[in-house]
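From just these sequences and the hints, can you work out the full model?
Top to bottom, those sequences are chains A and B. With numbering that gives the first Met the number 0, the residue at position 3 of the first sequence is 2, and numbering never jumps. With numbering that gives the first Met the number 0, the residue at position 92 of the second sequence is 91, and numbering never jumps.
Every clue listed holds true.
If several chains are the same, the list does not tell them apart, and a pair holds so long as it fits within one copy or across any two.
Below 25 Å or equal to it, Euclidean Cα-Cα: the simulated DMTMM-like pairs (lysine to aspartate or glutamate) are:
{"id": "1", "residue 1": "K349", "residue 2": "E310"}
{"id": "2", "residue 1": "K63", "residue 2": "E362"}
{"id": "3", "residue 1": "K173", "residue 2": "E267"}
{"id": "4", "residue 1": "K349", "residue 2": "E294"}
{"id": "5", "residue 1": "K15", "residue 2": "D343"}
{"id": "6", "residue 1": "K63", "residue 2": "E43"}
{"id": "7", "residue 1": "K349", "residue 2": "D293"}
To be clear, the hints were calculated from the coordinates, so they are not data collected in a lab.
There are 2 protein chains.
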Amino acid sequence: MDARDHLYALLLAGGKGTRFWPLSREDHPKQLLKLFSDNTLVEETYERILPLVPSERILIATSKGLAPRLRALFPDLPERNLIVEPVARNTAPCIAVAARRILTRDPKAIIAVLPSDHFVSDRQGFLDIMEAAATHAARGRVVTLGITPTHPETGYGYIRFGEFEADPDHPETKHRARMIQAFVEKPDHQTAVSYLKAGRYLWNSGIFIIRADTILEKVRAHLPGLADCVERLSNIDVGDDVDVDAIRACWTDMPDISIDYGVMEKAEGLVVIPSSFGWSDVGTWRALSAFPTDEAENFVYGKVVAVDSSESVLYCSHGLLATLGLRNMVVVVTRGAVLVCPADRTQDVKAVVEELKARNQTEYL
Amino acid sequence: MDARDHLYALLLAGGKGTRFWPLSREDHPKQLLKLFSDNTLVEETYERILPLVPSERILIATSKGLAPRLRALFPDLPERNLIVEPVARNTAPCIAVAARRILTRDPKAIIAVLPSDHFVSDRQGFLDIMEAAATHAARGRVVTLGITPTHPETGYGYIRFGEFEADPDHPETKHRARMIQAFVEKPDHQTAVSYLKAGRYLWNSGIFIIRADTILEKVRAHLPGLADCVERLSNIDVGDDVDVDAIRACWTDMPDISIDYGVMEKAEGLVVIPSSFGWSDVGTWRALSAFPTDEAENFVYGKVVAVDSSESVLYCSHGLLATLGLRNMVVVVTRGAVLVCPADRTQDVKAVVEELKARNQTEYL
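The structure is reproduced here in structure tokens:
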């Protein structure tokens, strides 16, 4: 039987963050933004995996606050496919909870864990690699996707890889996995340049594919407290008489830890598939400039008149934006708030948000 | 009797123009903008002269289209103090018509002709010079105010002056007039630098003070056709049974010419008073940068959060504007339209307006 028949997708859609202020607000994080089309990033993530995973096997994990928004975006999503965290936790808990729930449905389930706020330009390339990854995962591997770097990016974590994985079943496949030697932190520029030269480093996409039973074994091994909470939670009746307090207590007891720190970086035998499908985590407004939409290398969204302007990110969700003589700038126009800064300052947008907090102008946060 | 007792003011408020787009629109020219305060520029002009000229002697000339707006701004303005051009003409006709109307009220009237869209920082200095100018004008002089240049501005016309005017009555006054040798066109940068060095050039402020009978004599001498039309117009009954068609016909017959070209540059014996009262014609958005409002030398209007931003014009009449890392930029946020450009490009705003016309997006014009 094909690995594909057991493939589930888990979209991680609980993130907060204001790096895309003023478009993102506290109640409106990045995965709910429309940056590239009339669809939000979480919808694009859903559509991207849909050719490989049928909708009944796509789950979405999110926070209590964002759950109503996601139910509205995906009205056909079965309630059992929505993992709602009643208290804010990092990624390890919701992934473990999802794995436990999926395992009940299919003991051979494989889960593709997908951040819901990334951009992918080559959808077919993405699907090809996901399918190959599922095959590796079916054999019990923890498979991550590592993006072949195109420039010395300092905003991403890296994965150093080693030899090809011994794979008797697929000696000649196009997407052979490599053994992971180490996860490395975001580098400074010089280090990033050396990584690019070395040729053995990939960007950590945060996408990984793993069998449900495998991830639960790893959680049991490295985060036994979490494993206990997950079991407790799975025993609470989730029928008509939901014990909300008991569910909340379970989540409250779970450790606030990411899957990367809590499991992946401690686990052994991890593999990575070097990938190139036009990926970006779209970490700041500037990241959009990698996806120009006009001849002057601007990223343009909405009603924009760009006269003699180039290499800029010009985003307008309300009214008209006119620019004249701009280069390497970011301009974001939303209903009620406008941001203007040079492209190389977008990582400091939080300074603006802090200033607004200091001035108690919370209506803009 | 004091010249001051016969002093009238004529505010020229008929101008069009979109140099302050997107704040100025076709139906919303510069004199109706609030750039420095909660008052429009025409209101500021009115308030500025009011300590010297009582309201019943302040007249406003404007176009048919803008008249309702001005009536709303000045609800107490007597209708006879509003000169409404039924067809668009330049400044010479409305000044001549106003002079004729004022002369009927006061044969000794002196008129201060004031563009209504300028900025003045030193109001008392302005009043002092206006009063001195009225004294000169009472003796039949055509008195212009020339601004002592502070930098080699290429956006203004200049006045080259000669000797002090022989003035037996005021040999020692502070504001002695100089004979005008020539009006000169807007110079290029190099020429402007040479003017600044020469020390005999002043910026043409467009403000002049003249006796009503004197200006009508000059119009008769240099624009006899206009003088005829003005007489015809003054003979039309402007009581209850206004002959709108006859009035319109009079205006239609008037030459479309400015007072500068039509009269001033041809007239003899003109004098100029060198003046320094913090004047600007506020010709473009950039001009506002000469009037910084914060320590970082930004001109700020409205709700603006300027982080690490300096020497910029940050105007926000709707919502919030946040800037980060800007220098020498202009950002204008209005309801429905936003403009961003480097400060040294604001003279090209018309290119944006042209582009909008080309795209037929007239709702923004």
